[in-house]
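A.B. asks: Chain residues, written in single-letter form:
2 protein chains.
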Amino acid sequence: MEANQFKDFGKEMIDYVANYLENIRDRRVLPTVEPGYLRPLLPEQAPNEPDKWEDVLADVEKVIMPGVTHWHSPKFHAYFPTANSYPAIVADILSGAIACIGFSWIASPACTELEVVMLDWLGKMLDLPADFLACSGGKGGGVIQGTASEATLVALLGAKARKIATVKGEHPEWTENQIIERLVAYTSSQSHSSVERAGLLGGVRMRSLPTDDKHRLTGSTLREAIQKDIEDGLIPFYAVGTLGTTSSCAFDKLEDLGDVCNKFDVWLHVDAAYAGSAFICPEYRYLMKGVEKADSFNFNPHKWLLINFDCSAMWLKNPYWVVNAFNVDPLYLKHDQQGSAPDYRHWQIPLGRRFRSLKIWFVLRLYGIDNLQMHIRKQIGLAHHFESLVNKDERFEITAEVLMGLVCFKLKGSNELNEILLKKINGRGAIHLVPSKIGNQYFLRLAICSRYTEKYDVEASWREIQAAAKEVIEENRVTKVNGINGINGINGTNGTNGVNGHH
Amino acid sequence: MEANQFKDFGKEMIDYVANYLENIRDRRVLPTVEPGYLRPLLPEQAPNEPDKWEDVLADVEKVIMPGVTHWHSPKFHAYFPTANSYPAIVADILSGAIACIGFSWIASPACTELEVVMLDWLGKMLDLPADFLACSGGKGGGVIQGTASEATLVALLGAKARKIATVKGEHPEWTENQIIERLVAYTSSQSHSSVERAGLLGGVRMRSLPTDDKHRLTGSTLREAIQKDIEDGLIPFYAVGTLGTTSSCAFDKLEDLGDVCNKFDVWLHVDAAYAGSAFICPEYRYLMKGVEKADSFNFNPHKWLLINFDCSAMWLKNPYWVVNAFNVDPLYLKHDQQGSAPDYRHWQIPLGRRFRSLKIWFVLRLYGIDNLQMHIRKQIGLAHHFESLVNKDERFEITAEVLMGLVCFKLKGSNELNEILLKKINGRGAIHLVPSKIGNQYFLRLAICSRYTEKYDVEASWREIQAAAKEVIEENRVTKVNGINGINGINGTNGTNGVNGHH
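Chain order of the listed sequences is R and H.
According to full-length UniProt numbering, the residues represented by the first sequence are 1 to 503, in order.
According to full-length UniProt numbering, the residues represented by the second sequence are 1 to 503, in order.
No lab work stands behind these hints, which were simulated from the structure alone.
All C-beta atoms in this analysis are idealised placements derived from N, C-alpha and C, irrespective of residue type, glycine included.
Mixed in with the good hints there might be a few duds.
[As the list claims (entries may be wrong)] With a straight-line Cα cutoff of 20 Å, these simulated SDA-like cross-link-like pairs (lysine to any residue) come out:
no.	chain 1	residue 1	chain 2	residue 2
1	R	7	H	11
2	H	7	R	19
3	R	437	R	456
4	R	139	H	36
5	H	139	R	44
6	R	7	H	23
7	R	7	H	451
8	H	378	H	437
9	R	7	H	22
10	H	412	H	464
11	R	124	H	40
12	R	7	H	16
13	H	437	H	216
14	R	124	H	38
15	H	7	R	437
16	R	11	H	412
17	R	11	H	15
18	R	168	H	200
[Said to hold, decoys possible] Only part of the chain R face toward chain H is listed, based on derived beta-carbon distances under 8 Å:
no.	residue
19	6
20	46
21	113
22	125
23	129
24	206
25	309
26	351
27	462
28	463
Sequences are here, hints too, so could you generate the full structure?
C.D. replies: And the structure:
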């Protein structure tokens, strides 16, 4: 494809994309296709001769759109939001053209240095403690990870390396395996499945601790678990506190967790994947009180801050342990220039990395902090509006305190009744929700996801839910077990899968 | 930013990008900035009010470009190529607009299904054995990983899960830890550092085996190592064969490795990150002979097949073991529809994933197989042309057989002499190379990286190298050790770092 064709095709795509997003409200949010729908629509192999770009663009509507779940429709309330904005899309055009691989400073100094400064900008917007920021001149600094799952794993590996070094100092006679066998990490039953997965990948024990009546992990629960493990000869080394759980957007008691972790020299990692974006608004920072006691902090601008996936922001007070955790060329490290020029390939699992900080730069400059705060406040306001609508209908109840853009609710009555309601809602296809389950209580989650969502959208979604509820109550039938399996299998909306909207 | 502003900004960026790429030859390939150059050029924090997009675009030249290493300049010969093409850039605009997270089929059926079919298209282009392809109707199938490093780790975790299951069957009395302590994986001293890193991350023993005089891992070397370990009571479970090593583009003796791995029930993973793209040309497939004996195969279209990073294609004969290796919700798996609708979040380390198959679809359709083959053949031809130029100059020698787009060469004489030459070349800044070292031999690597590279570019690069050599020989001085450190530190071109161009 020559430059002149690219200019025509690229500009046509810009128009197509603007038209798609500005009119996304008119599309059915959930596709009606069945598994295997797409293959028959394509040739069995790639063409030998080039196709016309006009034909490729035409096929987007014919082949792709019928199978798209429209995450940016105001009618999409599943999982958590994923970011999408015009400045981020334009930034990625530039990133795709420069197409450098930023695994070392020299591989493209701008790629590394803009990332350092943008993580400072973001950190200041959240009012993170200075020792997390590179501009403080200390050891700390930020990095863009692909996902919160990777940030949780990277922090665990750093914590593991730090603790192994400490214990080796105290017990030079112990082998690394003898130490690793004793290591134990902690999280709550409400944390994301990727935390448990990080334990599996890191090859260490991970305790899933119970939460209080508000689904929060408390300091006393963590302290008891740590003390018990120490008595049993184990070595506590890592804890993950969640700010904004996926199931119900609960906030662990961070300040208390911090005190306990500092007392027992346990690395505290804060997973604020979804809710972290809200901390750009001072009035929500009470929910991150105690963050100064953490060793690492992570949130996903690619969820709620209008910076397209992938952009998971992570800060470390002391990157040394992460850099060393899986560094395989110590010779090179001797020349690493921490601070002025971090060598980001040592901060992450993969080696390669795109020029992702351009997205942050474009979005922060072209929205400005005030508009981004307005975006957060508006979406939280819409969630409270939906909450008030639910509270006005005595057939329904709110099942968790509404603090951010997520509302957890259910029909008063059995889990089965609500499973049927959820199946009915998604079956009608006008809106899309996923459920969750805490303990034995099954409930529905309505997340405000689209930046296009207005008050009348939320009210339309509520009317849709009421209409589905009316049908369910009238039919007043009991779902068979295979019916429930049907929900799980076809719509992928069983609790376990449904709540995995942490990306 | 409103839609009309996006249309203006986006189209301006399309023009800027076309102009940047079409004239990239005129830019200095290596920036002259020092670490820390960028921060003073930006405000200390994000603006409260939005900036104008015209100002942001203007700042790209002022702030970003002075610090960019131009990977797509014909004067860039470092590491290995990274892909960049117009169709891929346009596809990413669409991907950024749909912005779905494809962690399950229902999260956006088109995202999962296009990926399944595109991996079949790619697999057929490489003539991969049918049991790697989903269209064969068997268990096999492909997935897009972010990087080859992740593919190597994912395969290792699958192999680990498979072997643990086997051994548990034979020794129900052994604990998982007792089994893991005995596990041993194999690779060659020439494989990429990310393979050793995968061993560290996976918490298993990884043997780095010696290679033959052509830097290839042979079947007999692997067999001896496996037999010795079995005699010592260890459990061989995983081996990585490299097709196109990063240091010298050597090809392990895959067919022999396959026989040995199959004999001892060792999972064979093939890392063809760079060279795999060449297998779309039938005349190079002799180098992948024996691939049918492997359990998993990986190459990076984002290196040499004009599909922008990140797009690392991986195929598995039996994804079951990977899916189970770090699956944390077995309930869900019961509803997984392998084949017709894989649940890709179980095939990878992170949970979230972008709609990356659009890039493959656009590039394969808008280039066509014939043009892609022509691209590979042209670049290999240019490497052979450079090889012939080196061979004509008696001061130089070729240090490894030229099979793909990489030429390894050196000035006849000491390592120090060649370290000075490399420093001189990069110091002049007209072209960019990185060195490598095998055994005690230090040499320079010239990779054909840019899709814009023409015969006259290669000849200009050669003249630049000759000019630098002339200076070095005339100066005829011996570098001090700190001089060498200077090379490593400032240009990041020490062997270890220099060859880490595997992304």
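A.B. asks: Identify every previously stated hint that the structure contradicts and give their numbers, smallest first.
C.D. replies: 3, 8, 15, 16, 23, 24, 27 and 28
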